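Q: Position chains B, C, D, E and F with the ligands against the provided structure of chain A, taking the given hints into account.
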Amino acid sequence: MTVTLVQGISIALFALIAGIDFWLEGFYIFRPMIVCTVTGFLLGDLRLGIIAGGLTELAFAGLTPVGGTQPPNPIMAGIMTVVIAHTTGHSPATAIGLSLPFSILMQYIILFFYSIFSVFTKKADEFIAKGEFRKFGMIVLMPTVIVAFAYAIFSFLSVYGAQSLMRTLVNSMPGWLSHGFTIAGGILPAVGFGLLLKSMLKTKYVPYLLLGFTAACFIKFGNLMPVAIIGASLAWIEYGRKQRENKINKQFKDIEKSLQNSGGEDDGI
Amino acid sequence: MTVTLVQGISIALFALIAGIDFWLEGFYIFRPMIVCTVTGFLLGDLRLGIIAGGLTELAFAGLTPVGGTQPPNPIMAGIMTVVIAHTTGHSPATAIGLSLPFSILMQYIILFFYSIFSVFTKKADEFIAKGEFRKFGMIVLMPTVIVAFAYAIFSFLSVYGAQSLMRTLVNSMPGWLSHGFTIAGGILPAVGFGLLLKSMLKTKYVPYLLLGFTAACFIKFGNLMPVAIIGASLAWIEYGRKQRENKINKQFKDIEKSLQNSGGEDDGI
Amino acid sequence: MTVTLVQGISIALFALIAGIDFWLEGFYIFRPMIVCTVTGFLLGDLRLGIIAGGLTELAFAGLTPVGGTQPPNPIMAGIMTVVIAHTTGHSPATAIGLSLPFSILMQYIILFFYSIFSVFTKKADEFIAKGEFRKFGMIVLMPTVIVAFAYAIFSFLSVYGAQSLMRTLVNSMPGWLSHGFTIAGGILPAVGFGLLLKSMLKTKYVPYLLLGFTAACFIKFGNLMPVAIIGASLAWIEYGRKQRENKINKQFKDIEKSLQNSGGEDDGI
Amino acid sequence: MMESNKTTRNKLSKKDITKLGLLSLFNQSGMNYQRMQADGWTLAMIPSLKKIYGEDKNGLIDALKANLQFINTNNYAAPLLMGLGASLEENNENRSTIDSLRVALFGPIAGIGDAITWFTILPIVAGITASFAQQGSILGPLVFFIVYFAMFLARIPIAHLGYSAGTHAISKIHENSAIVAHAASVLGCTVIGGLIATYVQIDVVTKIHVTASHTISIQKQFFDNIFPNILPLGYTFFLYWLLKKKNVNPVTLIVLTFLLSILLSWMGIL
Amino acid sequence: MMESNKTTRNKLSKKDITKLGLLSLFNQSGMNYQRMQADGWTLAMIPSLKKIYGEDKNGLIDALKANLQFINTNNYAAPLLMGLGASLEENNENRSTIDSLRVALFGPIAGIGDAITWFTILPIVAGITASFAQQGSILGPLVFFIVYFAMFLARIPIAHLGYSAGTHAISKIHENSAIVAHAASVLGCTVIGGLIATYVQIDVVTKIHVTASHTISIQKQFFDNIFPNILPLGYTFFLYWLLKKKNVNPVTLIVLTFLLSILLSWMGIL
Amino acid sequence: MMESNKTTRNKLSKKDITKLGLLSLFNQSGMNYQRMQADGWTLAMIPSLKKIYGEDKNGLIDALKANLQFINTNNYAAPLLMGLGASLEENNENRSTIDSLRVALFGPIAGIGDAITWFTILPIVAGITASFAQQGSILGPLVFFIVYFAMFLARIPIAHLGYSAGTHAISKIHENSAIVAHAASVLGCTVIGGLIATYVQIDVVTKIHVTASHTISIQKQFFDNIFPNILPLGYTFFLYWLLKKKNVNPVTLIVLTFLLSILLSWMGIL
Ligand SMILES: OC[C@H]1O[C@H](O)[C@@H](O)[C@@H](O)[C@@H]1O
Ligand SMILES: OC[C@H]1O[C@H](O)[C@@H](O)[C@@H](O)[C@@H]1O
Ligand SMILES: OC[C@H]1O[C@H](O)[C@@H](O)[C@@H](O)[C@@H]1O
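Residue numbers (our numbering), protein chains in the order written: chain A, 1 to 269; chain B, 1001 to 1269; chain C, 2001 to 2269; chain D, 3001 to 3270; chain E, 4001 to 4270; chain F, 5001 to 5270.
Chain A on its own, in the form it takes in the complex (with noise of 0.2 Å):
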């Protein structure tokens, strides 16, 4: 199938508004959950949106943009995974693999974005030392309507100009290689889950990890939610306990305080 001009340019209006998303994290639409969900439905195929909604989130779960860092592009990889899946009739799985050279490439626009945005700050120091305000607030809002722009280009061209090059590179793909790249959307969310892990982990989370894993592998339920129960508990009579010990701390230091007191300058005597 392909992409028709409309619906092209109502996918580049969307990633309009949800790169401004993404860009003030706001609402959240950039997520691929909405992206895919959205996407899907401009191109008539909503349930095709939703599943690759599910996959490509997860694939995306631990790829976050913390500390002011810039992860793949989740908003490029959500509308290509759908657009690729739709136009090639690929599954979704395999489509995550083919859309994350969009992404990577959109998340290089962006870093690109925050080195040049810099050249903003002087005029904005000067607005404010005048009082103008209104023009300051101008000038801080320049870099978000640049972004928006820069993802209505770059994904109108993805979605409607690249997409006969596109469905030729696809289909001329042997068997083992899209395979591969089912395989790959499998196994990517491990990455994220890395990436989480690798800010989270402590030695003395450990335990809860392989709990919940222990958890998720032997109770046949179709969501989380069993796991993230028994999870909130444990933290819940974790959150009573470490305030018990705090208390404690707490007494501690108290007692070496007045004991500095009374050995100091015992001058009540």
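No lab work stands behind these hints, which were simulated from the structure alone. The reader is advised that the hints may include incorrect statements.
Said to hold, decoys possible - No farther apart than 30 Å at their CA atoms in a straight line, the calculated lysine-lysine pairs in the DSSO-like style are these:
| hint | chain 1 | residue 1 | chain 2 | residue 2 |
| --- | --- | --- | --- | --- |
| 1 | E | K4011 | A | K135 |
| 2 | F | K5207 | F | K5246 |
| 3 | B | K1135 | D | K3050 |
| 4 | C | K2198 | B | K1247 |
| 5 | C | K2202 | C | K2250 |
| 6 | B | K1253 | A | K242 |
| 7 | B | K1202 | A | K250 |
| 8 | E | K4207 | E | K4220 |
| 9 | C | K2130 | F | K5015 |
| 10 | F | K5051 | F | K5015 |
Keep in mind the model is a prediction, meaning the values are calculated, not measured.
A: Only chains B, C, D, E and F with the ligands this time, still in chain A's reference frame:
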């Protein structure tokens, strides 16, 4: 099926005994588990009695007389559940609902007794003052006797006297109404559990509630022993932990004391 | 099936090696898991050996030589379980039971050795005093050599010498008797676990035992890894907790010390 | 000031305490709103006090009068307090010590007793035996009866415990009781969680007709997909909230539940 | 020394704080590598500061200049800090106190905020809604959207919290935040464990041909016999190790995973 | 007083310690009831001590004599103590310090070692590999062998650990050992609970004939209804009680189990 005069009398006699037992909280044969079973046996349908016993016991699990309050009466609920199921052919779950008016009526009778039995106390004081211990004993036991007869009469009237009326009433119920009673019977335990939670649940116990709930949802087993064992294990671990915490708190207090002593009145030097 | 002379000798040779290993507690090839497998291999029935290895290993799991005691001998149990199952066609579970007399006999032989080997110590002292280290080495290794030959001889007699007697005996057993042995084989691990509990179980560990038991009852899986992982997670959490408790206890001790110092000899004032 | 009597007090035998434990059964025989269990309590104490005071009839009457004061405690805790009281009388403690101890203890001990007997043992025993009973097995009521017969017999050792505990142990009881109550709450809440999942039954029967041939079951495709038994849990918490925060009367909730059930049945939802 | 101004400072209304919370949306609008969120942050603060300083235009400009310093914090924590800052300005605290507090807090609070929002809420919401979505149910994106819409609205109460917290609460926030972060980590790690088991899929298709008719499946007869999902767990830990100890770039790992997948697909192993 | 020798002591190389770890294999070669492992222990120490004392043959003989005293410790703990002893000799510590340390440590360290090796590692490894073996898979004995071969090799790093630990670490070892033992017990008891459920098999075959056509299976309808594997748990606890409280000999229990099994088989109950 109808209840014969002999059955009516024997149920009334059992109600008398169970009534005394509930008044004294002695052997817990006043709980629906036993009441239903015995009533079923007396009506010649032991199996029905046992099944109804299980259902009704749970529906009344949290309805306890704690703190001198009176819950809906478990004896009348037990008797009437079985009698109604037996005579009208409805399922025990529906019958629980229909037995409730009798149960609540008896609750109010007992509450009334609690109030008027205060009149005996003055006489009791006098007998003690005079050292007439036998007479004291009799007047103290008087309430028990009165209560016992109240149970016998009320249950005889409900079981034997009102049965044709009852049958007509029940049989004329439309389908959705009796289905409604069945549903209510299934939801009723929630009231009891809500009451139990009211007196037990503090924020810090919520995780245990959730763990028990989750465990019961996913462990497929005919009874609650697995959950009880998990709960007992957690309780056991907590017991040890609290003991150590208590020890720590005691140590803090000891230190505080010796701090105060040494700081305040250092008369040993 | 019969055991050939060559098989008898090769099993005896293996018993010699495994005997040394048990004496030194070196590579744990003396455990039934290995002994059964090797014996099965030597008899041309590897599969039987492996299966019997699993069963016998568990039956002997708690029967350890801790503290210099001697358990029923695992080597003879391993060898004879496989040999009996092989020659009489009984199941390994039954054969475990029938192998036990050999195992216990060997246990007593080792106990006897423990006693008489004391005679070497005097000579050993002399060699050291004179600085004759080579001779000292030889006399210290003497017990190992004696033990090794005892294993070889005892196992050869049991495996090859006594086999027709054994077969007659076993084949004349009535059904209930061999069924009884099978049952005993299934219950036997309880003895080992009882022994393990004797040395490990304190009141405070009972909840973990119960949790492990319950988990194994309801997690349907071919091995105990899930239980081991749950246990390891709990152990890990406890480890962290105990460390913090130790820290607290240390802080108390420090405070006590400084209290004693400041209270006892307040020479700074 | 009571020195004169001190020599006349008699000791109770083991048998006497056993009898006291059994007599504690009558603790609620004279129950009324004015002074709750006081009359039945005193009735149970008479034989022990008679023996202790022996010839000293005035002392006996004074002691009994003191016992006839308001009291309301858990029925399995009563023998504990009775045994304790008897030991104090025997040792000729101050009248006021004995009385104030009884008054100070009956409340807290009722709390612990209720937590253990009404809120932990009963739901667990009920939950487990009901699972037998619902299959029609006589094991259900049988086990139930045996447990509570044993509970009745437990009054004897409990009385002995109270008697031997004496005054010294009181602070100890108090200290450990908090821990025991904590552990009991952990067990109790876990089990209640299980009970909610198992015994509260709410099944939505409504189906949404997407197309002529395709229907979606609200229960199976929605609620069961989120979490099993989520409605029972939700409704129980709703009732809990009404009971705890809105102080609604339980009977009101029972009636509410019935009306709601009938309404939803009529509407074809449940 | 600033006594002269003290009387001129105006109080913010509840509505002002609500507006501040909503404006915090623009925190990242001017994002750049030089001073990160500083420009957007200042933009969001303008209306509040304008009102506070009223006629005192020089004071206002000074305050805004001070806000234009490097800052990079979690976007749901930003309204907290903004509210806090506003309350300090209102109370005419020292310029240096206000500035140093903002600098001291944005880092730690970013840590806690990231732990809760990026590392706990996101994976859980993603995991649960993805399980709906993968069955093609619109519930997936719907619930996802609702959660994050609520998260957006949460900026308002968070701003109020920061405003009412004032200076006093800061040590308190710091103290409790460690506990909250600990609990969040426990929850997060448990869920990630579950996610690994559920969403990372590695299935070895290789079969070993023992005899002509008898084959052994590596996956079913070997890996699944040891522990279910052992390969996903192993591979995730391998990546974790590369990320943590070898400081490998995530994009490198993505590429690596792809190359490996394609290679193993070509070899017929996966 | 030993100042004269101090200069003559030689240092051990890494290789020497590795050799010491391997030689610890001979720790039990001369086992006997009189002084247990003393002779084998000394045999293993000879090469190290020879090198340390070099020319000083009298010193060497004195040291060896001191080593020939009663000792009985866990075989994986032995290299730790040997390494420790070697480092002390090397540093020319007092004879009595060295000897008393060895005596003071071998007992406690045996306890920890036994808890970890005999009571935790063995049952877990046995339990897991047996589950493979019982399906006839060679993985069972193979994994078992590999684990214990690794355990043998672990003697080398253990010896190095003891050597580098020196005296200072002793209090540290003692402190942490209690925690390690505690954690090991938690793991061990959990696994043993699982082992009981999995590997002790008691199945009552008796059926009660209620009517001609209707029979009740004691196992399925009674025991399995109460709790799965309740008989194995009960019997194990019964044996535990006999072992712990009645000090019954294990061999007696084995014989008892056999007699009981045969009796119950004959009666048609099991
Ligand atoms: O780490 C703090 C902060 O850094 C950046 O500003 C953004 O990526 C935020 O999402 C993140 O919370
Ligand atoms: O609450 C204490 C106590 O109050 C009442 O006397 C009775 O309902 C008892 O069952 C209860 O234990
Ligand atoms: O108990 C310490 C120790 O005792 C004996 O020497 C042997 O059985 C060892 O296996 C054991 O570790």
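Q: Please name the hints from earlier in the document that this structure breaks, with their numbers sorted from lowest to highest.
A: Hint 2 is the one this structure does not satisfy, whereas the remaining hints hold.
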